[in-house]
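Asks: Read off the chains here:
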Amino acid sequence: MVFSSILFLFAYLPIVLALYYIVPARWRNLCLFVVNLVFYGWGEPVYILLMLFSITVNYFAGRLISKHRAEDKKARGVLVANTVINLAMLVFFKYYDLFAGTISLIPGVNLPTLGLELPIGISFYTFQTMSYPIDVYRGEADVQKSYISFGTFVALFPQLIAGPIVRYKDVANQLNFRANSVEQFSSGVRRFLVGLAKKVLIANNIGVLWDTYSAMPAGELTVLGAWLGIVAFSLQIYFDFSGYSDMAIGLGRMLGFEFLENFNYPYISQSVTEFWRRWHISLGTWFRDYVYIPLGGNRRGLGRQFFNILVVWALTGFWHGANWTFLMWGLYYALFLMIEKAFLLKWLKKIPRFIRHIYAVVVAVCGWVLFQLDSVRQVGAYYKAMFGGAGGGLWNRADLYRLGSFAVIFIVAILASTPLGKKLYDRLPKRAAAIVTPVLMVLVLVVCTAYLVDATYNPFLYFRF
Amino acid sequence: MSKNSHRVQIVLFLVFIGAFFLLHLCLPDRSFSERENRVMQEAPRFTFSELFSGRFMTKFEKYMSDQFPARDAWTTLKARAEVTQGKQENKNVYLCPVEREPLEYMLIERFDAPEDSVIEKNISALNTLCEATDGEVYFALIPGAGEICKDLLPDDAPMDSQRAVIEKAYALSEAKNVDVFGALDAHDGEYLFYGTDHHWTSRGAYYGYTAFAQAMGFESRPISDFEVETVTTEFYGTTYSSSGFSWVQPDHIERWVQQGENVTITNYPAGSPVEASLYDDSFLAKKDKYASFLGGNTPQLVAETGLADKPKLLIVRDSYMDSAMPFLLEDYSEIHMIDLRYFRTSLREYIAENEIDQVLVCYSVANFSTDTNLFLLGL
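Those sequence lines, one after another, are chains V and H. Counting in the numbering used here, the first sequence runs without a single skipped number right up to 465 at its last residue. Counting in the numbering used here, the second sequence runs without a single skipped number right up to 379 at its last residue.
To be clear, the hints were calculated from the coordinates, so they are not data collected in a lab. On a predicted model such as this, the values are computed, not experimentally measured, just so you know. Keep in mind that a hint or two might mislead.
[Unchecked claim] Label pairs and their in silico Cβ distance ranges: (1) V/Cys366 - H/Asp160: 25 to 35 Å; (2) V/Val446 - H/Thr232: 26 to 36 Å; (3) V/Phe60 - H/Gln85: 27 to 37 Å; (4) H/Met1 - V/Trp27: 28 to 38 Å; (5) V/Phe354 - H/Gln85: 26 to 36 Å; (6) H/Arg163 - V/Pro217: 16 to 26 Å; (7) V/Lys422 - H/Arg7: 15 to 25 Å; (8) H/Ala164 - V/Thr418: 37 to 47 Å; (9) V/Leu394 - H/Arg163: 19 to 29 Å; (10) H/Arg110 - V/Ile411: 44 to 54 Å; (11) H/Arg163 - V/Leu87: 54 to 64 Å; (12) H/Met1 - V/Ala455: 51 to 61 Å; (13) H/Thr264 - V/Glu117: 51 to 61 Å.
[What the hints assert, rightly or not] Using 20 Å as the maximum straight-line C-alpha spacing, the simulated SDA-like pairs for lysine to any residue come out as follows: (14) H/Lys91 - V/Leu440; (15) H/Lys91 - V/Val447; (16) H/Lys3 - V/Gly256; (17) H/Lys91 - V/Asp426; (18) H/Lys3 - V/Val436; (19) H/Lys91 - V/Ala398; (20) H/Lys59 - V/Val109; (21) H/Lys3 - V/Arg431; (22) H/Lys3 - V/Ala434; (23) H/Lys3 - V/Ala433; (24) H/Lys59 - V/Ser5; (25) H/Lys62 - V/Leu7; (26) H/Lys91 - V/Ser5; (27) H/Lys3 - V/Glu220; (28) H/Lys62 - V/Pro438; (29) H/Lys91 - V/Ser214; (30) H/Lys91 - V/Arg431; (31) H/Lys150 - V/Gly404; (32) H/Lys3 - V/Val447; (33) H/Lys91 - V/Ile409; (34) H/Lys150 - V/Tyr383; (35) H/Lys59 - V/Glu220; (36) H/Lys3 - V/Pro438; (37) H/Lys3 - V/Thr325; (38) H/Lys150 - V/Leu400; (39) H/Lys62 - V/Ala434; (40) H/Lys91 - V/Gly404.
Every residue, glycine too, gets a C-beta built ideally from N, C-alpha and C.
Please take these sequences and the hints and turn them into a complete structure.
Replies: Here it is as structure tokens:
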């Protein structure tokens, strides 16, 4: 189930909120646990079992580690075994077919592919569950004795299928006690509607343009068309993904949870390093705390740091999907990060701000070509078209028509990727805000509902994560 | 913000999602949407096999959006929102302003040209038919509003050329090609196509008939010969249904030919003969008013005119022919119409059995480009 659907907004959510606030506080975790499983099972009921397996394994791993904390060897053994099980599950369900297919390219080797449906959100929840025993082992989190509370954390529907990756230690206290307040609930509603508008009104809308251009045969793609397409996708993925995170954070607040922020206006960055501090923050934090720093981070010299960056960004790229192009996308960023660390950041400081800004945005936009197209051949053809080598010409009449049709949405989307709107809103006098806010809320609800009822295009972009 | 502001916002949100949830539960479901001209998903039945196959969920989600309270108002609002943003299309239908009685807008569907291989495959089936029959085979492709009225489209709007498809197909065809494009294009500016539907109007069909006459060697009657009767001024067609542009004016439907006394029409909607007529008025009370021509889609239909000295014609066709066939009645003794989408048989045998003299294969460019049944021509 996805948030931006009639089913979620006008059936699941009202039922869940009603149930949640009707049952006594001590049953709320159980209530959440059950509705979470319904939410998750809606797409593929069989995979509820996989999720329960994951919850159970990590729950007991946490308990065992906490029990054997005094004997480091045993605790360590459990931790290693648990991490291996988690990763094995992720690798098997997500990457097996890619590996089998790739190995089978060797003459004489023929591994069968399985064609398993990827369990939705497996990359998100595996990372969440995996970090819990590690934190217990490190002494950064207390053990969770209640199976239901732990299960509620793992399967918590707001962040289950598209993040943010919430770590156990960040919500541990809230699992045991949540003080619900009117302020928190209403801020949750506002945040949810911001996310809904980002997803339904901006991302879905502008995504149509990318779909048009990415489906075009390479020879027909003009330079203008190729850039329009990839800029549209850059905006689509940002508004889609950050919209989901906003909705998750908002829903969390309606239920009394506070999740950490996941996006911080990435497209205003002035370097690639900064971009990754602003983009999908929960994933970056996860890799930093559980891979980069354990590998030595930047404390063992530049050579070792570069190696660590390569490892972390190869994994980051590959985490996004079982395709070698994702690995390349990760390495693409590793390259820029290393160059920036080596000398570019110092140079950038000396040049005007808007050039730094253009540099960061162009790197990100060009990166999305690697990210979103399926094969190296398509990626190559698209780059060629972007830089005029595909023979489609500079522009054609259809490009102008599309530019005209999408001009308004482009302008809105570009402005909305900056903190401008938020700044203006925050400067509203209190009494004006008291009127403007509910008006905007109703407007968003009404227009989003219209677009959802008449949904011709409402993709879920994270089916490969 | 004051606590009351927070409360107001919460209530607004909860009332909105709660109210539509309850309304959906309370309001009766509808099984058919007149506006969209399609069957709506009703509440799916729960079974475990449907659950585990995932079909239950898919149907349930469709059910939620199909039966959403005041669905038609929401789809109109979405179309309005698109236009407000500066878009001139919704769901592949262009909203084209025009001053042409009775229309203020024409809704023109985007045409995407097929691969050359599709044209080649279809034409090779046609050529097989030409070789296998002794009678003359004629071939006609009817362009749509997207070609004839392309000057009405938004500036630079993407629209593949239907004329190019016609030219490619005609170049490969071994049948005698009929220049329908020329006949229609000469009268651009008249009410040739419905504003809210993909079909040609009776006037458009008349010009099509003049092109048939020229190619097939009979005299066409002048326009002044016809007494035109307007049978409805409330026709909302297929592009209206799919686009959501619900604020446009309805079309008129005209009848140019009245059924003569000696003409008998036999329809074979399900294999067995049923007596029929040129027009089925019952459709004028329904949404699909174009189906009042010959009663809509059918596998096979035979018209006998009683003019024994005239030849026998077989038309392999799509729905455009429903409104054009009446014009041909004075020039043939029998007209057989076959729609390959529903009628699967060997045309060669059919032609021999019914002693057909002439064959007309007549399709709209849009159907010719997408219909996967044309290979049956060669059987």
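Asks: A separate judgement is required for each hint: does it hold in the structure or not?
Replies: Against the structure, the hints come out as follows:
| no. | hint | verdict |
| --- | --- | --- |
| 1 | V/Cys366 - H/Asp160: 25 to 35 Å | holds (31 Å) |
| 2 | V/Val446 - H/Thr232: 26 to 36 Å | holds (35 Å) |
| 3 | V/Phe60 - H/Gln85: 27 to 37 Å | violated (54 Å) |
| 4 | H/Met1 - V/Trp27: 28 to 38 Å | holds (31 Å) |
| 5 | V/Phe354 - H/Gln85: 26 to 36 Å | holds (28 Å) |
| 6 | H/Arg163 - V/Pro217: 16 to 26 Å | holds (22 Å) |
| 7 | V/Lys422 - H/Arg7: 15 to 25 Å | holds (23 Å) |
| 8 | H/Ala164 - V/Thr418: 37 to 47 Å | holds (45 Å) |
| 9 | V/Leu394 - H/Arg163: 19 to 29 Å | holds (27 Å) |
| 10 | H/Arg110 - V/Ile411: 44 to 54 Å | violated (25 Å) |
| 11 | H/Arg163 - V/Leu87: 54 to 64 Å | holds (60 Å) |
| 12 | H/Met1 - V/Ala455: 51 to 61 Å | violated (33 Å) |
| 13 | H/Thr264 - V/Glu117: 51 to 61 Å | holds (58 Å) |
| 14 | H/Lys91 - V/Leu440 | violated (27 Å) |
| 15 | H/Lys91 - V/Val447 | holds (17 Å) |
| 16 | H/Lys3 - V/Gly256 | holds (17 Å) |
| 17 | H/Lys91 - V/Asp426 | violated (38 Å) |
| 18 | H/Lys3 - V/Val436 | holds (16 Å) |
| 19 | H/Lys91 - V/Ala398 | holds (17 Å) |
| 20 | H/Lys59 - V/Val109 | violated (42 Å) |
| 21 | H/Lys3 - V/Arg431 | holds (13 Å) |
| 22 | H/Lys3 - V/Ala434 | holds (11 Å) |
| 23 | H/Lys3 - V/Ala433 | holds (13 Å) |
| 24 | H/Lys59 - V/Ser5 | holds (14 Å) |
| 25 | H/Lys62 - V/Leu7 | holds (9 Å) |
| 26 | H/Lys91 - V/Ser5 | holds (19 Å) |
| 27 | H/Lys3 - V/Glu220 | violated (58 Å) |
| 28 | H/Lys62 - V/Pro438 | violated (30 Å) |
| 29 | H/Lys91 - V/Ser214 | holds (19 Å) |
| 30 | H/Lys91 - V/Arg431 | violated (41 Å) |
| 31 | H/Lys150 - V/Gly404 | holds (19 Å) |
| 32 | H/Lys3 - V/Val447 | violated (27 Å) |
| 33 | H/Lys91 - V/Ile409 | holds (17 Å) |
| 34 | H/Lys150 - V/Tyr383 | violated (34 Å) |
| 35 | H/Lys59 - V/Glu220 | violated (38 Å) |
| 36 | H/Lys3 - V/Pro438 | holds (14 Å) |
| 37 | H/Lys3 - V/Thr325 | violated (51 Å) |
| 38 | H/Lys150 - V/Leu400 | holds (17 Å) |
| 39 | H/Lys62 - V/Ala434 | violated (37 Å) |
| 40 | H/Lys91 - V/Gly404 | holds (17 Å) |
Violated hints for the displayed structure, listed by number in ascending order: 3, 10, 12, 14, 17, 20, 27, 28, 30, 32, 34, 35, 37, 39.
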